[in-house]
Amino acid sequence: MRDNAKSGALTEVTFFVLLALYEPRHGYAIMQFIEDKTNGRLVLGAGSLYGAIDSLCKKGWIELYDDSDVRKKEYRITDLGKQIAEQELARLTEVTQIAEEIIGG
Amino acid sequence: MEKKVNRFFGASTEIQAKWLNRMASEGWKLIRTGKMSYEFESCDPGKVQYAVEFIADKSQKNAEDYKAFLEGCGYKVWYKNANLSYSVGKVRWRPWAEAGGQITTSWTTYNKELLIVEKENDGKPFELHTTATDRIGFLKKWRNVWLTYTTMFFLMGILFLFQTPIASIVFGGLGLLSLIPVVLYQEQIRKIKKMDDLQE
Chain U
1 MRDNAKSGAL TEVTFFVLLA LYEPRHGYAI MQFIEDKTNG RLVLGAGSLY
51 GAIDSLCKKG WIELYDDSDV RKKEYRITDL GKQIAEQELA RLTEVTQIAE
101 EIIGG
Chain Y
1 MEKKVNRFFG ASTEIQAKWL NRMASEGWKL IRTGKMSYEF ESCDPGKVQY
51 AVEFIADKSQ KNAEDYKAFL EGCGYKVWYK NANLSYSVGK VRWRPWAEAG
101 GQITTSWTTY NKELLIVEKE NDGKPFELHT TATDRIGFLK KWRNVWLTYT
151 TMFFLMGILF LFQTPIASIV FGGLGLLSLI PVVLYQEQIR KIKKMDDLQE
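Same order as they appear, the protein sequences are chains U and Y.
For the first sequence, the numbering used here begins at 1 and goes up steadily by one.
For the second sequence, the numbering used here begins at 1 and goes up steadily by one.
Keep in mind the hints are simulated off the structure, nothing from the lab.
Possibly wrong hints are sitting among the right ones.
Simulated DEER-style distance windows between Cβ atoms [unchecked claim]:
| id | chain 1 | residue 1 | chain 2 | residue 2 | range |
| --- | --- | --- | --- | --- | --- |
| 1 | Y | K194 | U | T38 | 46 to 54 Å |
| 2 | Y | K47 | U | E86 | 26 to 34 Å |
| 3 | U | L64 | Y | K140 | 22 to 30 Å |
| 4 | Y | P165 | U | L64 | 57 to 65 Å |
| 5 | Y | G173 | U | K58 | 17 to 25 Å |
| 6 | U | E35 | Y | Q188 | 47 to 55 Å |
| 7 | Y | G173 | U | N39 | 52 to 60 Å |
| 8 | Y | S42 | U | L64 | 25 to 33 Å |
| 9 | Y | I103 | U | G40 | 37 to 45 Å |
| 10 | Y | S12 | U | E86 | 41 to 49 Å |
| 11 | U | L64 | Y | T105 | 25 to 33 Å |
| 12 | Y | G173 | U | K59 | 44 to 52 Å |
| 13 | Y | E71 | U | R76 | 19 to 27 Å |
Where is the CB? At the ideal position from N, CA and C, for every residue including glycine.
Could you put the whole structure together from the sequences, leaning on the hints where they help?
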C-alpha cells in the first residue's frame, strides 16, 4: 500500500477494499466485489489482496469480524476506515469537478 | 490415467510454473508432489492454471495462514521443497526472513519453501501479485536472498585474507558473482518505482 503523504490519496486497491468491507466479507468475496463493480477492469491477485488486508488491519482501517472458518476469515471496515473512505470520496469529487471544468463534462 | 514425472526446479518459481502450465495445457493436472517428482492425472487440456510462489521468508504461522487464505479463494495449494535435503534434524538460519521465520527446521518451514497454487482456468491470466508494491516486494525478497550470499562470501574472504590468500580470492570472486543478481534486482525495483510516480 502506497499512500501519498501529501495529498492523502488512496491507491485504487485500498479504496475498493474499504468499500467492499462496508459489509463483512472474506477474501474471495472482496476479489469478486472488486471485479464485479469494475466490470473486470480491476482484477486483484489473491497474494496482493492478502497483503492489502494485512496492512489495512495493522492501520486499523479494517478489522477481523469472524474467524470461525480459518479459510474464510471475514473482515469489515472500522469507524476510522469509514472516515478515511469518506475523505477519499471528497477528494475524488473535488478532482472530478476540476477535471470537468477544464476538459468539459 | 495417472503419471509420475521426475523433475527438480530448485527455487525457480517462474520456470516451475511455466512447466506446470504446459503440463496442464497438455491435459495433466497435479495430484501430488514429491521431493523430486510430480504426480499428475489426466484432465481436459487447459482446465487448470498454476502459479508458484516463494514463501520461505514467512514464519510457519504466516505461511499456514496464507495457504488457508488461498484455499478459501477456491484454489488448490501444495507446499513444495526448494532444496534437496533429507536430514531430519535440519536447522537453518534465514537472515532475510521476517521475524519468526528466521530459524527454520524440518519440523516447521524447511522443505516448504514454495507454494504451488492451482486455479480452474477462467480464460484470464493467473497472477497472485498484481500491484506495484507487491511486485517490488517480490523483487526485494530475491535481492535480499542474494545479498545474504554476497555478505557471507565477502566475510569469508576477509576471514581467510591472511592465512590462505587463495581461498580469500575464491570467496571474493564468489562474492562479486553473487552481487550480479543483487544489482539486476535493484535495477528492476528502481524502474518500477520510477513508473510508480506517474501511474499506479
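Here's how the hints hold up against the structure:
no.: 1; hint: Y:K194 with U:T38: 46 to 54 Å; verdict: 26 Å, violated
no.: 2; hint: Y:K47 with U:E86: 26 to 34 Å; verdict: 44 Å, violated
no.: 3; hint: U:L64 with Y:K140: 22 to 30 Å; verdict: 27 Å, holds
no.: 4; hint: Y:P165 with U:L64: 57 to 65 Å; verdict: 58 Å, holds
no.: 5; hint: Y:G173 with U:K58: 17 to 25 Å; verdict: 43 Å, violated
no.: 6; hint: U:E35 with Y:Q188: 47 to 55 Å; verdict: 28 Å, violated
no.: 7; hint: Y:G173 with U:N39: 52 to 60 Å; verdict: 55 Å, holds
no.: 8; hint: Y:S42 with U:L64: 25 to 33 Å; verdict: 41 Å, violated
no.: 9; hint: Y:I103 with U:G40: 37 to 45 Å; verdict: 43 Å, holds
no.: 10; hint: Y:S12 with U:E86: 41 to 49 Å; verdict: 46 Å, holds
no.: 11; hint: U:L64 with Y:T105: 25 to 33 Å; verdict: 29 Å, holds
no.: 12; hint: Y:G173 with U:K59: 44 to 52 Å; verdict: 46 Å, holds
no.: 13; hint: Y:E71 with U:R76: 19 to 27 Å; verdict: 22 Å, holds
Violated hints for the displayed structure, listed by number in ascending order: 1, 2, 5, 6, 8.
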